[in-house]
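Asks: Protein chains in written order, with our numbering: chain A, 1369 to 1479; chain B, 388 to 502.
Read the hints as simulated data drawn from the structure, not as lab findings.
A few of these clues could be false.
Capping the alpha-carbon separation at 30 Å, the derived lysine-lysine pairs in DSS-like fashion look like this [stated by the list, open to error]:
| # | chain 1 | residue 1 | chain 2 | residue 2 |
| --- | --- | --- | --- | --- |
| 1 | A | K1436 | A | K1422 |
| 2 | A | K1466 | B | K398 |
| 3 | A | K1422 | A | K1439 |
| 4 | A | K1373 | A | K1424 |
| 5 | A | K1373 | A | K1466 |
| 6 | B | K465 | A | K1424 |
Just so you have them, the derived chain B footprint on chain A, three or more residues with Cβ under 8 Å [unchecked claim]:
| # | stretch |
| --- | --- |
| 7 | 1413 to 1424 |
| 8 | 1465 to 1474 |
So, partial list: chain B residues that the calculated Cβ filter (under 8 Å) puts toward chain A [what the hints assert, rightly or not]:
| # | residue |
| --- | --- |
| 9 | G415 |
| 10 | L426 |
| 11 | G427 |
| 12 | P430 |
| 13 | A475 |
C-beta: ideal position from N, C-alpha, C; glycine also.
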Amino acid sequence: DQQVKQNSPSLSVQEGRISILNCDYTNSMFDYFLWYKKYPAEGPTFLISISSIKDKNEDGRFTVFLNKSAKHLSLHIVPSQPGDSAVYFCAASSGTYKYIFGTGTRLKVLA
Amino acid sequence: GAGVSQTPSNKVTEKGKYVELRCDPISGHTALYWYRQSLGQGPEFLIYFQGTGAADDSGLPNDRFFAVRPEGSVSTLKIQRTERGDSAVYLCASSFVNTGVNEQFFGPGTRLTVL
C-alpha cells in the first residue's frame, strides 16, 4: 500500500519554464513533507520542506504548495535550469524520524 | 565538511553469501538511519539508531538483516544468506537530533547485487 504517490515517473521541461512535480498521500496523520533531489550515483539531498500548518514554503527558485484537504503537494521550480535535471522524491512523516518516500519523478530540463 | 560516507560503493556477491555494508555518519550526528532503494522505488526505511541502540528496527525485512552501531558513530548493516531479492541500493543517512522531524543527510549508497 503506497502511502506516498508520485504518479508521473518522468517530466520534460524547457529551460526557463516552470517545472511542476506532484505528490499525493493517503495518510492524514502525515504532518511534515519534504522534497529530496537525487543525481545518479549520489544520495538524495534535501531540497525543501513544509509543515502541515502552512500551505506554502518558498526558497529561491523552489516553492512547495500543500493542499491538506486534497492530500496533495507540489513542487514548483521557476525558472527551470539544466542543472535541475535529476530524480525528485517526495517524502512524508507523521512527526517522527520515519520518512515515507514516493517512487520519484525524473525531471529533464532541456536547454 | 565531510558528508555521510558509505563503503563499498558497489558489492557483487553470490546467493547465500554474507555481506557487510558500512556507513560513516556526519561527525556529531547522533541519529543514523538505513534505507533500501529497489529499482524504480523510493528509499524504504529499514532501521534507526539513536546513539548505540537500535531505536526502531521495524523496517528490517526479516532476521537475515541485522545492523549495529557499537560506538554510536559508524554503523554496519549485515545481511546473511543473501538472496537475489536483496539486490538494491542501501542508503545510510544521519541527522543531529532524534526527536521530532529533522533533516536527514544521505550518503551515496552501496549498490548490492546478488547473483
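Asks: Look at each hint and say if it fits the structure.
Replies: Checked hints:
Using a Cα cut-off of 30 Å, the hinted pair A/K1436 and A/K1422 holds, with the two alpha carbons roughly 9 Å apart. Of the pairs offered as hints, the one joining A/K1466 and B/K398 holds, with about 26 Å between alpha carbons and a cut-off of 30 Å not exceeded. For the hint linking A/K1422 to A/K1439, the alpha-carbon distance of about 13 Å falls within 30 Å, and the restraint holds. Note on A/K1373 and A/K1424: the hinted pairing holds, with a Cα-Cα distance of about 20 Å set against a maximum of 30 Å.
Taking the CA atoms of A/K1373 and A/K1466, the gap is near 16 Å; set against the 30 Å cutoff, the hint holds. Taking the CA atoms of B/K465 and A/K1424, the gap is near 41 Å; set against the 30 Å cutoff, the hint is violated. As drawn, the stretch 1413 to 1424 of chain A meets chain B at 3 residues by the rule of a beta-carbon pair under 8 Å; at three or more, the given contact holds. With 8 residues carrying a beta carbon less than 8 Å from a beta carbon of chain B, the stretch 1465 to 1474 of chain A meets the three-residue requirement, and the given coverage holds.
Nearest Cβ of chain A to the Cβ of B/G415: about 17 Å, over the 8 Å cut. The hint is violated. Below 8 Å, beta-carbon pairs count as interface contacts, and B/L426 has none with chain A, the closest being about 11 Å; its hint is therefore violated. Against a cut-off of 8 Å between C-beta atoms, the interface hint on B/G427 holds, since the closest Cβ of chain A lies about 7 Å away. Hint status for B/P430: holds, given a least beta-carbon distance of 5 Å to chain A, under 8 Å.
For B/A475, the suggested interface contact is broken, since its CB lies about 13 Å from the closest CB of chain A, more than 8 Å.
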